[in-house]
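First to last, the sequence lines map onto chains U and W.
For the first sequence, the numbering used here gives the first residue as 23, with consecutive numbering after it.
For the second sequence, the numbering used here gives the first residue as 35, with consecutive numbering after it.
Check the hints yourself; a few may be wrong.
Label pairs and their computed distance ranges (CB to CB) [as the list claims (entries may be wrong)]: (1) W/Gly-280 / U/Gly-75: 24 to 30 Å; (2) W/Glu-198 / U/Arg-51: 32 to 38 Å; (3) W/Arg-208 / U/Pro-177: 44 to 50 Å.
Hints were generated in silico from the structure; no laboratory data involved.
Since we're looking at a predicted model, the values are computed, not measured.
The beta carbon of each residue, even a glycine, is placed where N, CA and C say it ideally should be.
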Amino acid sequence: MPDGPGLELIRGEIEQDHPGAVLDTSFDRDQPALVVDPAQILAVLAWLRDAPGQGYRFLSSLHAADYLPAEPRFAVHYELLNRDRVERLRVKALLANPTEGLPEIDSCVELFPTAEFQEREAYDFFGIVFRGHPDLTRILLPDDYAGWPQRRDFPIGGEPVAFTYNERNYG
Amino acid sequence: MASGHVPGVKHPYGPLTPGTSDAADTEVMTINIGPHHPATHGVLRLVVDLDGEVVRDLKPVIGYVHTGIEKSCEDKSYWKVIPFVERMDYVSYFFQMEAFCGAVERLIDLEIPPRAKYLRTIFLELNRIHSHLVWLGTTALDLGAISMLWYCFRERDKILDLFEMACGQRMHTRYFQVGGVIEDIPRGFEPKLREFLADMPIRVQQYQALLDRNEVFLSRTKDVGIVSRERLLELGVTGPLLRAAGEPWDLRKTFDYLAYPEMDFKIPVGTVGDGYDRYRVRVAEMVESVRIVEQALDGLPEGPFIADDRKYVLPPRSELSTSMESLIHHFKLVTEGYRVEAGEVYYAIESPRGELGCFVLADGSSKPARVHFRDPSFVNLQAFKDMSVGGYVADMIASLGMLDPILGGVDR
Chain U
23 MPDGPGLELI RGEIEQDHPG AVLDTSFDRD QPALVVDPAQ ILAVLAWLRD APGQGYRFLS
83 SLHAADYLPA EPRFAVHYEL LNRDRVERLR VKALLANPTE GLPEIDSCVE LFPTAEFQER
143 EAYDFFGIVF RGHPDLTRIL LPDDYAGWPQ RRDFPIGGEP VAFTYNERNY G
Chain W
35 MASGHVPGVK HPYGPLTPGT SDAADTEVMT INIGPHHPAT HGVLRLVVDL DGEVVRDLKP
95 VIGYVHTGIE KSCEDKSYWK VIPFVERMDY VSYFFQMEAF CGAVERLIDL EIPPRAKYLR
155 TIFLELNRIH SHLVWLGTTA LDLGAISMLW YCFRERDKIL DLFEMACGQR MHTRYFQVGG
215 VIEDIPRGFE PKLREFLADM PIRVQQYQAL LDRNEVFLSR TKDVGIVSRE RLLELGVTGP
275 LLRAAGEPWD LRKTFDYLAY PEMDFKIPVG TVGDGYDRYR VRVAEMVESV RIVEQALDGL
335 PEGPFIADDR KYVLPPRSEL STSMESLIHH FKLVTEGYRV EAGEVYYAIE SPRGELGCFV
395 LADGSSKPAR VHFRDPSFVN LQAFKDMSVG GYVADMIASL GMLDPILGGV DR
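Could you build all of it, start to finish, from the sequences and the hints given here?
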């Protein structure tokens with residue numbers, strides 16, 4: 023794993039080629055993470071994959087998370103792996119929930135074909151739209167399903183329980 | 035292969051040579067296989083474009099056994115999540131437990147005692163043998179070797195007996211806990227395990243005697259479903275599929291977890307990456323797993339089998355009737371559970387199917403805010419199209435068997 027200073031070094035090098043791309047870094051529980059501007063996510067992923075001395079060529083996992091009530095609330099996580107140096111690096115793109123429509127980010131299927139199913143899964147459960155994905159449809163849920171069930175404000179069981187008796191009698 | 039084809043007479047099953055079409059009026063036909071089909075190893079639906087008997091395009095349709103486990107986990111305290119995640123990939127349940135417990139241990143920075151590390155290693159490797167036996171039995175059955183199923187399930191049953199002896203359950207044992215394992219192995223377990231370990235390599239030789247030079251098996255697996263190593267890596271494929279293509283990548287060797295750094299074992303690799311290599315790699319892995327279990331059993335350290343941290347680990351049962359403090363700890367852990375400081379962890383281990391990653395997001399409460407599993411079957415399934423397009427339908431079924439997807443893990 024890149025340690026704390028190593029992470030800052032990577033940040034500095036990315037900043038030279040793509041100013042403003044890295045918003046923050048974190049080194050929590052021995053796991054390094056870069057927080058990246060979602061508009062420049064592809065540039066950063068391509069840089070980490072191809073720049074000499076980096077070589078994070080394997081995308082282990084792509085998944086989404088909902089940090090409600092934090093703002094911006096959504097994040098797409100890219101768990102990158104350098105198989106030669108056996109180093110993992112997490113890249114996070116934080117996405118705000120727009121007042122209308124769904125949060126959007128560029129698809130990285132061109133860079134990492136493995137992301138195809140995983141981006142569909144993130145879309146299926148969080149409603150995050152991956153621009154440029156070849157077939158962005160629901161993958162595990164039925165096509166006619168309404169809602170984004172892994173969001174934190176989506177109740178377990180699908181719908182809130184209405185306590186009509188209590189409301190009627192006790193206001 | 036064009037035997038039985040009379041010139042001028044259209045063959046009832048279309049052209050027999052992949053990539054050629056002997057009639058201008060050949061139509062591509064889209065057919066549906068599954069979701070309930072014995073050859074799909076679970077509830078998997080395949081939409082296949084066929085040109086005669088040749089697969090032109092293929093799309094797996096999944097989600098038929100999606101049960102929302104990841105969402106359900108968000109409503110359970112950490113220790114109650116363990117039985118949920120076990121039921122994702124129902125053939126390798128110890129691996130799911132280890133991925134989740136390991137992730138939580140990293141979140142709360144809890145070191146597990148050496149004996150627990152060794153016990154976990156023993157059970158993980160037994161589970162790997164068990165998983166490969168289920169795979170070998172069912173896949174050989176697909177290819178017409180019916181007796182393999184009975185032989186493999188005979189040995190599998192011995193492993194389940196061992197699980198039952200130590201854990202009380204044959205499947206979904208909930209044996210691993212955050213901090214260690216729930217109980218020490220019972221008396222009489224070790225001789226029974228040694229008996230199994232002495233027996234297993236002989237059994238593997240018997241499987242190989244049945245299959246290695248079996249004419250039918252060879253013609254169904256040799257040069258079938260080859261995907262290049264580079265393409266497999268692009269598609270994120272890991273585990274025996276990647277190793278069969280010649281890439282010696284195994285998280286047990288590369289990352290430091292449990293007792294694996296102290297174990298001496300080899301990583302079997304293939305050369306061309308066809309169905310036969312995949313079979314050979316998995317069979318060789320069973321023998322290596324036996325070696326790991328033997329070493330772990332020989333080197334099993336004395337000492338506690340679970341960490342002694344009362345804020346995360348249940349106090350011993352015997353203390354509950356004598357110590358008020360233990361009773362309070364027990365009550366707090368069972369009712370509310372323990373709180374985990376906000377943070378996130380991704381922890382990956384080598385499951386029988388590849389990299390099994392667990393992402394846990396903690397928000398400071400006693401329930402995880404997100405539990406995500408990077409299931410190897412789910413990611414590996416993307417390579418199925420590359421394996422099958424351009425080959426025969428029958429080879430597609432053989433490739434699916436060699437892919438070894440567990441649909442419970444794919445759909446979660």
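I'd like to know which numbered hints this structure contradicts. Please list them from smallest to largest. Violated: hint 3 alone.
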